[in-house]
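Undergrad: One letter stands for each residue in the lines below.
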Amino acid sequence: MTSAGRGPIAIGTRLAVAAAIAVAFLRAAPNAGNLALQSWLARTVMTHGVPLGAASLGWLGALAGTAPAALGGPALAAGSAALVFLTLALVERRARPAGGDSAAVLAGVLAAACMLDALRPGADVAAWCWAALALWLLDVPSRRNGAAFVLGAVVWCNAEPAGLLAPAFAVAVALGATLGAPAPGLRSRWYVAGLACGATLCTPAGFGFPVAAFEALRLGGSTGGILATAPSLTAPHAYHAGLFALLCLAFAVGVRASGLRGALPVVVAFVLALANGAFVPIFGVVAAPAVAASLRTVRFPVLLVPGAAFALIAAIAFVGSVEPSSAGQPYELAARAVRSARPPATLFCANVDWCDGATARGERVVMDGRIAPYGPGARARQRAIESGGPGFTRALAASGATGVLVGRDTALATLFALLPDWRAAAADERATLFERGTP
Amino acid sequence: MKYAWLVIGIVAARFLTTAIAYPQLDGDLAWQRRLGETILRTHAIPRALGDETFTAAGAPWLPQEWAFSVLGALAGNGPGFAVFAGGVALAAILALVLTARQAERLGASPRATVLCTAFAGIALFASFGVRAQVLAWPLLALFVVLLDVESPLAYAALGVAALWSNLHASALLAPALAAAATAGSAFDEGVRGPNVRRRATIALGSLAAICCNPFGWGLPLYALRVFAAPFKSAISEWKPTDLGDSSFAFGALPLLLIALVYAAGPSARRARDTIVLVVVAYLVLAATRNVAIFGIVAAPLAAAALSRNVAFFARTPGDARTGRAARYGLPAVMAVMAAVLTIALLRGTARTSDNVAARAIAFVTAGPARHRLFCADFAWCGLAVGSATTRVFIDGRADPYPAAVWNDYLAVARLRPEWRAVLTRYRVDAIVVAKDSAFDRVLERTPPWRLGFDDATYRVWLRPAGIARTHGRPIRPRTVS
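Line by line, the protein sequences are chains A and B. Taking the working numbering, the leading residue of the first sequence gets 5, the next gets one more, and so forth. Taking the working numbering, the leading residue of the second sequence gets 816, the next gets one more, and so forth.
Check before you lean on any hint, since a few could be wrong.
Heads up, incomplete: computed chain A residues facing chain B, CB under 8 Å, no partners named [what the hints assert, rightly or not]: (1) 48; (2) 211; (3) 254; (4) 258; (5) 260; (6) 271; (7) 272; (8) 274; (9) 278; (10) 279; (11) 392; (12) 394; (13) 415.
Some chain A residues near chain B, calculated using beta-carbon distances under 7 Å [to be verified]: (14) 159; (15) 249; (16) 252; (17) 256; (18) 257; (19) 393; (20) 418; (21) 419.
FYI, nobody ran anything at the bench for these hints, they're computed from the structure. A quick note: this is a predicted structure, and the numbers were derived from the prediction, not measured. Where a beta carbon is used, it is the ideal one built from N, C-alpha and C, also for glycine.
Go ahead and model the full structure; you've got the sequences and the hints to work with.
TA: Shown next, in the form of structure tokens:
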């Protein structure tokens, strides 16, 4: 098995995966609005210090992302791709001890397949790397690994809301170790889990971090507005090709090669992926090594042949499906149009991510892609306006919106076109901006 | 089974009460009973849409629910309907009983059986109603049981598949499950294993058996076509499953997680089980409507896996004994809980709430004037099918409507730019919408539409001519509090 992992099929498989990832980063447009938002947060931190409360979510990540973002698109794409390769290397490394080299390659393929739909330059890929690193540190209980994990959890929580996964994984591993077969280091696992829970409080948001981060995990990452968080809506390709392939294998061979302590993080990641499709890649990162490690109990004659075939098919399908970067982003429309609106302009975006760019320029928005800091009241208002349903008029008035950016050819666009004190101010191929006229 | 009865009793109370006291959970029952009446009257199953629709009259139709529709029509109204609805509820209960029995057969302990039966019961909640697919549930459960039997009795599965195909097109699952079980058995026992040939015969035989219905091989073909049908995006039951579905989150998902962690393990692996699980796991993640199917098939496998792998759920010698508390106390608790649940359901306001725009549709169909009706939710229009005066755009039969009609429907329902042109082209003169929805707001501001009916939940918008025909007065909306 070891030799198979270093043979031509293994190398070809890795090359196919790497090529697909490279093509993705070359062709996919970065989430420019989100990048602008991150840069704005970084500038705010450097100018005024770290904000307190939920507004501070991701402050360290924004600060760290300043340099690659400033270097421009290619540097950002290269940095993001490097993080993905590092993640896959960690996935392979976790799978290798139990399953051998060929199973490790298969784990990398499966994890990469789960990332297909989310490969784009930006900060999202950092969370995958954090998750892979965290689980690698948790695999072997030692004082050094424990300390590194807790320190990493503090950094992760300050870098992004997904840092909440650190204590979730640590608790899942400790619980699995407790419920499963007796194993050494049980007490230290619980210490690490406890300290990781404590690490979530070491952010400027304090006790507010776990609550806000949970909301961000549940709602954030959605690209279709806050009403659309189902996996298939946000990550259709990865959902079918990656998540389901991995799930099939998990059913077939199990995820308990490392006992329950290896299986429970898979459960956590699976539920997370079902709650929000943006986390399908993290499910891949967590589950692929567990599944691949379980393959040692199955007498598959050649592990790599199905893996290589799958990688090839997935790579071809993916390369064909990546949309080339387009110049026209709705947030640009928002930026242009908001400047022409009468002050004080407050912009509502039917897709919250579109408002990121406006926030980055210091303009007022009803809600942007961060979602979590806005609280439940604002989210309810956003939903009411998005749906055009009950409470729409009241929510629109309460939001104070003077500009509304909605998808072109949508029900909301039709509705605003008929509202007497609103008029279409600008439009492009994806969105229309309505301005509130003189009442 | 001794504890599973407690769960089944409580779930039974819910099913029976809901079926009998909440007959109109969706609009399909109306057109299905109308279909049944037509079959009884003409002694033939219609094979095309009639002039109850103005968009697709004459379009080929395969009324797969024909047997259910005949039963519904025979039941009539009043006590007959209560018996019919109660029978449908009993079918769901029977499915749950068979699921629990199968868990026990696979070696699950009473504790594991009761837990997984409860999850399966919850998984059935969302899809439950007086509906054709509910009658198919016990047949699915029985098919799974027979598939696992290691004797010639297993061939009875072919009869089950044939009966199933006369009730619902989900009978296509029969050969799929049998094929999965065959493949799994081949892994477990080798290609020449004792069960492989039998299950392969059942797989092939059930493929033939599901053609034993009035539509022949048209039924499996129809079921396959539905998988790729464009109208699925407009039907909530076909949307991909997510955690927002309570039947999935609290019923199927726990079973899915138990199966994920425990079904396959180094100690005991049955490829037969895991391949079947993969099939139903795909179905449950693909569409909300498959949550119930997953619950029925996965619950016994999950219960057995729990018993094999978790000490708390392992079988013990004491399982056979029943103490006095268990013999009398637990049934008493179950009876009290079932009674409380029944009373709560009967007293709940949901019982009298109008979920299918019944009053709005009745308003449109009541007058002597003819209408061309568009429903914002196409299922509501099922209530108007068969009306002497009203023809519908699309109704709950859904499947036979051509893709072009569906596109036009979606253009209007989703208020795409061409929505007004579509309504004009089809000469629609009545629209039922949810009150305060975006569609309602748009119609409020769009001449020549005028409010014709208004209650707490729904509104009917009419073209002025429609108002004049219906009421004789152009503008006087009827408001119902």
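Undergrad: Any hints from earlier that this structure breaks? Give me their numbers in increasing order, please.
TA: 1, 2, 7, 14 and 15
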